[in-house]
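Number of protein chains: 4
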Amino acid sequence: MNPIDQLTQLFERFPGIGPRQARRFVQFLLVERAGYRNELAEHIRLLASQTSQCGRCYRWFAKDSRSAGADKKCSICSSTSRDAGILFIVEKDADIESVERSGFKGLYFVLGGTIPLAADEPEKHIRLIELLARLESDASSPYGGRTSVSLTEVILGLSATTEGDHTRQILQEKIFPIAAGLSFKLSSLGRGLSTGSELEYADPDTIASALSSRN
Amino acid sequence: MNPIDQLTQLFERFPGIGPRQARRFVQFLLVERAGYRNELAEHIRLLASQTSQCGRCYRWFAKDSRSAGADKKCSICSSTSRDAGILFIVEKDADIESVERSGFKGLYFVLGGTIPLAADEPEKHIRLIELLARLESDASSPYGGRTSVSLTEVILGLSATTEGDHTRQILQEKIFPIAAGLSFKLSSLGRGLSTGSELEYADPDTIASALSSRN
Amino acid sequence: MNPIDQLTQLFERFPGIGPRQARRFVQFLLVERAGYRNELAEHIRLLASQTSQCGRCYRWFAKDSRSAGADKKCSICSSTSRDAGILFIVEKDADIESVERSGFKGLYFVLGGTIPLAADEPEKHIRLIELLARLESDASSPYGGRTSVSLTEVILGLSATTEGDHTRQILQEKIFPIAAGLSFKLSSLGRGLSTGSELEYADPDTIASALSSRN
Amino acid sequence: MNPIDQLTQLFERFPGIGPRQARRFVQFLLVERAGYRNELAEHIRLLASQTSQCGRCYRWFAKDSRSAGADKKCSICSSTSRDAGILFIVEKDADIESVERSGFKGLYFVLGGTIPLAADEPEKHIRLIELLARLESDASSPYGGRTSVSLTEVILGLSATTEGDHTRQILQEKIFPIAAGLSFKLSSLGRGLSTGSELEYADPDTIASALSSRN
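Chains as they are written, first to last, in this note's numbering: chain A, 1 to 215; chain B, 1 to 215; chain C, 1 to 215; chain D, 1 to 215.
The shape of chain A in the complex, shown without the other chains:
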């Protein structure tokens, strides 16, 4: 296969990119100046060495180039100004950016996905074992952990989709037994009318949730 087709196939694996757009990417790169192409290739190649996956929340972050390369924790997990008593569990890295914009000041844990409806082994789809270990560690040993603040609440921040709901239910089943023993609260994001939605087109579940969370 020729290099144009090979690069096209590599781009086809990008999320949301089909054969036609993959080919447009290659055409775009062919016409672009070499400087841009080299810069892009270099950044892709160095991505692994310039980034780290946080050992606590599992999100990816840029390493501090001045540090000795030993970044184990991301800026949020290592910040002393965040409320370490509240842990917000999200599906993926991009969710954290959305939650940050809402003003949340606690910590995060990235599941790395959701659990498909038909999945037999949830721990193959999300970081379930890592999550349970973290909850035990954070909740039971406030002084042995990274912080002197003990975990008081775990918020399940799954999407309001079928698979998100399914994942939330499995997480609740797994976490509830621990939560009682370790005395932290387990909560889920409130449902209701999201900004821009009209009552006429809202589904019964959303209206029922909006009614029960009326204020």
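Hints are supplied without guarantee of correctness; some may be wrong.
Because identical chains share one entry, a pair is satisfied inside a single copy or across any pair of copies.
Straight-line C-alpha distance at most 16 angstroms; calculated EDC-like pairs for lysine to aspartate or glutamate [unchecked claim]:
#1 LYS185 - GLU136
#2 LYS174 - GLU130
#3 LYS105 - ASP83
#4 LYS185 - ASP83
#5 LYS92 - GLU198
#6 LYS92 - GLU32
#7 LYS72 - GLU163
#8 LYS174 - GLU123
#9 LYS92 - GLU130
#10 LYS105 - GLU153
#11 LYS63 - ASP5
#12 LYS92 - GLU163
#13 LYS174 - GLU136
#14 LYS124 - ASP64
#15 LYS174 - GLU121
#16 LYS92 - GLU200
Since the hints were made in silico from the structure, they are not lab data.
Please build the complex by placing chains B, C and D on the supplied structure of chain A, with the hints as guidance.
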């Protein structure tokens, strides 16, 4: 103007219908059998005489053909099994159907619209005067009113849109002074993730609401 | 069933209208003034008496209210300034308006639909028998027909869709034998790039047609 | 700026990619295995050395790795089985793939874009000078050129868009004077109904073109 163009223009006033679809409606009617056309015309013509606007909630309902034509109240307002202590304020008739599907069992009041952002006189756009009169009547005179149950809560069920929010604010300003004196609670529908929405694409306000209504 | 639901069901039969929009139509009519409703009902009821289907091209047209009610032909078919030598065959009335805007000055014949791919009897789906009769009449007896101009060309103006192509093929099979004997030409609309389309996204057939009709 | 943001910005320059999708690309790459990332980077970096721009038609093509690196012409331009008498002028490389699927067997010339409506100097937006030089060379010196076949037709294969039409007009103005002297024909792709389009929704220009190219 010829009758085909005249009927096209009448259909163009239907909500969401442009000139092209209006013309398709006329073509459809031309080809349909006379029986259907006559039935449609008859139902449109008799709509006023066969329906009533409820004197309490202002929604439109089908008159009971067996009654003496004196229907003043719709089936919900005249039902004895509804909780007359809770009043759900909606923008339009269609909202009631959505709320009914959620299992709500109180009463309704139809505003008849929302208040545009630049409007000077809110009462020209919604049934503000009628609403305030109803609240005073229901809340102050439980025995003088249609029911022995006094009003305990008014829920503002506006859409989560800019104009819906604006209308809600004006209603709050108008109702709060009365609410205190008449001792009913004034609440609004909870905001949050509506069914189907993903955290990554949720706006900061929706996430903040979902966080504060977490449960 | 109550009159609101009945009218909703009648509107659901309109082309492209689902249950939700049908209900919005009824809500719209309930709030509209009686004058508009009565006018609409009257126009729908009188549609049959105020319009005629042209006896030659089969399109619907508004009757001239001054005439004695004996309009048998539409304005195009009865015009003396049209070229009666060219007959443009269309699927439906609305196509005529589009073709008129292109400046065509011949006559029309409305098939009343297309022939489904699996149909056994084409004449049950389109006015095939009426069309063949008209072609024989127009082509063979220029002096016995309505005009002294003999038919010289028949243009098949089907849509460039699968069902349109299928209908065109069947019409060609039926008309070709007659065309030879009666000496008129049978043609089809040219294919090519339609306004707004880009070469990159054009299908091979369209490009091949555009190439063969290059000028 | 950190490497994640830097790579996001580089992806934002890809055609049709906004900040959100650019970030998803980076997230995708972070989670992908290093092997894929390195392969992608390597292919992007080597794109220039593994591809050539054809010296005759200006499209990009993969170099033959076995050749001495002296590929000056693409496979189409160097083929002896193509009809060198017909030159198809296209806007961009991707157009060639579409035209090839239609069975065209002549040669191509890639303009490299279209001329914006307000542009003063057309030659800054497309390869106008290169095109005119090629036409003179191909048409005047059949034996001095790369082929013994003299140019007999030039097809303007612009898109049927406003800017495509504008570019076609300017090319016609520039080529017509040469064409007469050099005795090749200048043609444009035929307009008409493109596959899938319906007569009812076709614009007057398209119908007029379909009528004049009827067959």
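Check: Which earlier hints can't be squared with this structure?
Finding: When the structure is compared with the hints, numbers 7, 14 turn out to be violated.
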